[in-house]
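**Student:** Chain W is fixed; fit chains R and C onto it per the hints.
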Amino acid sequence: MSGGATPALETRGLSAGYLRDEPVVRDISFTLARGSMTALIGPNGAGKSTLIKAMLGLVPFVTAERIAFLGTDLATARDRVAYIPQRSQIDWNFPACALDIVEMGLYPSLGLFRRAGRETREKARVALATVGLADSARAQIGALSGGQQQRVLVARALAQDAELFILDEPFANIDAFTETSLAEVLRGLRDRGRTILAVHHDLRSVRTHFDDAILLSHTIVAQGAVAQVMTDATLAQAYGFHAEGRAEDRAEHHSGPRA
Amino acid sequence: MNAALAVDLPALAAALLATLACGTLGNWLVLRKESMTGDAIAHAVLPGLVAGFLVTGTRSVAAMFIGAAIAGAAAVVLSTLLRRVARLEAGAALGLVFTAFFALGVLLLESQGARQVDLDPECVLFGSLETLFYAAPADAPWHAGVPAEVWTLAGAAALAAGFSIVFGKELASLAFDPAHARLAGAAPRFVERMLLAVVSAVIVASFAAVGSVLVLALLVCPALIAAPHARSVRGQILLSVAIGSLLAAAGYLVAAHADEILGTRTALNSAGMIATLLALAVPCSHLVRAAVSRRSA
Amino acid sequence: MTAGAIGANTLGVLVGCMLFGALAGAVGTFVLARRRALVADVAGHAALPGVALAFLAGEALGLGGRTPWLLLLGGATTALLAAWCVPALSRLRRIGPDGATAVVLAGFFGLGAVLFSIVQGHPAGSQGGLRTLLFGSAAAMGRAEVVALLALATVTLALLIVFLRGLTVVAFDEDFARSAGLPVRGLDLLLTVLLVATVVAGMQMAGIVLVVAMVITPAAAARNLGGRIGSVTAIAAILGAVTAAAGVIASRAVAGVPTGAAMTLAATAAFLITVPFGRLARGSPA
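Residue numbers (our numbering), protein chains in the order written: chain W, 49 to 307; chain R, 560 to 856; chain C, 18 to 303.
Just so you know, nobody snuck in bad clues.
SDA-like cross-link-like pairs, simulated, lysine to any residue; straight-line CA separation at most 25 angstroms: (1) LYS592/R - ALA738/R; (2) LYS171/W - ALA738/R; (3) LYS171/W - PRO747/R; (4) LYS171/W - ALA182/W; (5) LYS101/W - GLU211/W; (6) LYS101/W - VAL636/R; (7) LYS101/W - GLY194/W; (8) LYS592/R - GLY113/C; (9) LYS592/R - GLY721/R; (10) LYS592/R - SER193/W; (11) LYS592/R - GLY194/W; (12) LYS101/W - THR79/W; (13) LYS101/W - LYS592/R; (14) LYS592/R - SER107/C; (15) LYS101/W - ASP139/W; (16) LYS101/W - ARG235/W; (17) LYS101/W - GLU751/R; (18) LYS171/W - SER791/R; (19) LYS101/W - GLN197/W; (20) LYS171/W - PHE161/W; (21) LYS592/R - TRP101/C; (22) LYS592/R - HIS788/R; (23) LYS592/R - LEU147/W; (24) LYS171/W - GLN188/W; (25) LYS101/W - LEU640/R; (26) LYS592/R - PRO104/C.
Covered by chain W, according to a simulated footprint, are these stretches of chain R (three or more residues, beta-carbon under 8 angstroms): (27) 729-741; (28) 782-795.
Please keep in mind that the hints were generated in silico from the structure rather than gathered at the bench. From the three backbone atoms N, C-alpha and C, an ideal C-beta is built for every residue, glycine too.
Looking at chain W on its own, in the form it has when it is part of the complex:
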């Protein structure tokens, strides 16, 4: 952590699950410094999505000693935290164009009764341009490619002017070119002091996209710089087998058995 600034995200002793007394993740403690870019990795069923949803209060049973967003509680930091769900959780047939969706990021700042005007529209356009979709502002969201849809969601978070971005599988099911450009957008955010936490399942691209990583298998197996986290020993512990090369293959096929 740099200087005396409060961390972007701090979690101590978190356990959470969908059933009482049956936590999916246990005893989770970690801290994200401001301006860091962290991948949350681990085998399928390790509780990656559950963990981020739990911190955001979207899971029914959560206990924790401390969950602090930007040094305060979620209710206070609400408008500075952006959650970007898995693309597959959203109904892309929703009647809206890309610009409409990005504007939704600005609604909280408008309050309940002010309507979206020209200024809102301009801010939304700027956010869309940042993710390289200036030309698609009026396109129906259902007609966009998977990668473009993912970038629309990122633009919504940009428009919200969030300081902490929490993304669930942003690179899932998008082509290689879009993956590269999306990664560039996220790195650009980091360079401007924003903090990024993303659930990620492709072990091969962790090194190219992220600085830090948290390896999860119901509990935290390792955390820190990517190189330290992704060792043969830790991966074997989380995924249940040895060589990293094999681990990558297995993770790709969504079938890693648990240790």
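**Tutor:** Chains R and C only, in chain W's frame:
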């Protein structure tokens, strides 16, 4: 006033106002994938309506309204609770709760005390559009002769439209991505509760005149008819109300004049006719859309 | 009518209602497991146009409007058609299962309301009528109706018992059923047929509006009590039979209470009593 108009106009007005009220709100339910919630509320308000009457002892609109709105909202909250407590899927929880509420309502209606509610269970289902008529007042302004149901429906339509305009952006954002909106929205819980309350209120206002079948049809069908053609939420709402109104007017006129048009012995149930037309229009609209996109492709 | 005849009919009604209740409970267990609860609601409401058509056909053919087997056949036909429409419609873009259920229910019940008004306008319809079909009336059931109910319920129960194993596997572990080579689609169709038969068998007694409650509620109560599939099905059948009988008896004791409402409330009471047991028993995930 012409005798035929005195019968047709109030009923038509009631049908169109109900279309405006339910058709507008239905878009939010459909976008939220909660279509059957409308059905559940339409059944569940019944005991509240009767209880409101029993408590106050008069057919006061306000009391029945409050009772029904409470019952409707309670049913939805209870079914959400049951999903967790008894681990039922959404449909089963909804079905369990609304049948229980509706059965209680029927029981109350048939019990002695509530006989004067002047609502028989058949009307609850099929409505009573046919019984609305304009009685020209002898020495009062013209509007004194308009049936109370029409005024209630006008209020409901104003409520639905006003609510959708004022909270449109929050409702759209909640429907598109509830997780995001609940985290970042201006007042997501407040807006969701308001939606529930407004839907309950509109259903109560509508169903004495048009019946629960037509309430369900009006909530769901216009939105689904407009969905394949709409490019924005606002466009979907406007289109749904426009098409819904056309079909409602057509359905009413065909049913009310079935003896002349279809050669039946009597007039037919107009709420049922409108519901049938609306439901048929849903697949038709989708087929039209598919044909259009095939041609342009 | 002699006192003896009334007694026999009453006995028939009681046996019939318990048979229906058991059937609804057992079929309901599978319907809940397959997440089809609201299809039962659609099937109930969608029986109305068929029943009204059957009434008119019966009058036209000179059989009489209230010919029980014809009413059952008519109701079953439109209910099956509606049950088929739901998945067909939900495949259309932007409709989804929830919207499809609502549209089909509104459309069929709306058509039912129109046809119902034709029946009410019919000289034979205004007196005998079909009004009791909406909320159910055990008291209004004649001997022929009881016989038809007994026959239909017995056949359906027999079918259920014959195919119990296959239905169980599909309902509780679809993937295994597929890998084991079971005809999943065929068994789903069978479940739909059984559901429609149950709903139609119960409509005279429970009424088409509330018959769905007897499919959902006893089965939901049984899930609170039982652990294994076999015991859940058995408990649901017993609860269904008992609450159906309680409903019939209550509606006979208190004048003016429709049987369907009484049955629904009896089943709801049973469910509420079982809720705490469910919370205690559940230590493991569903």
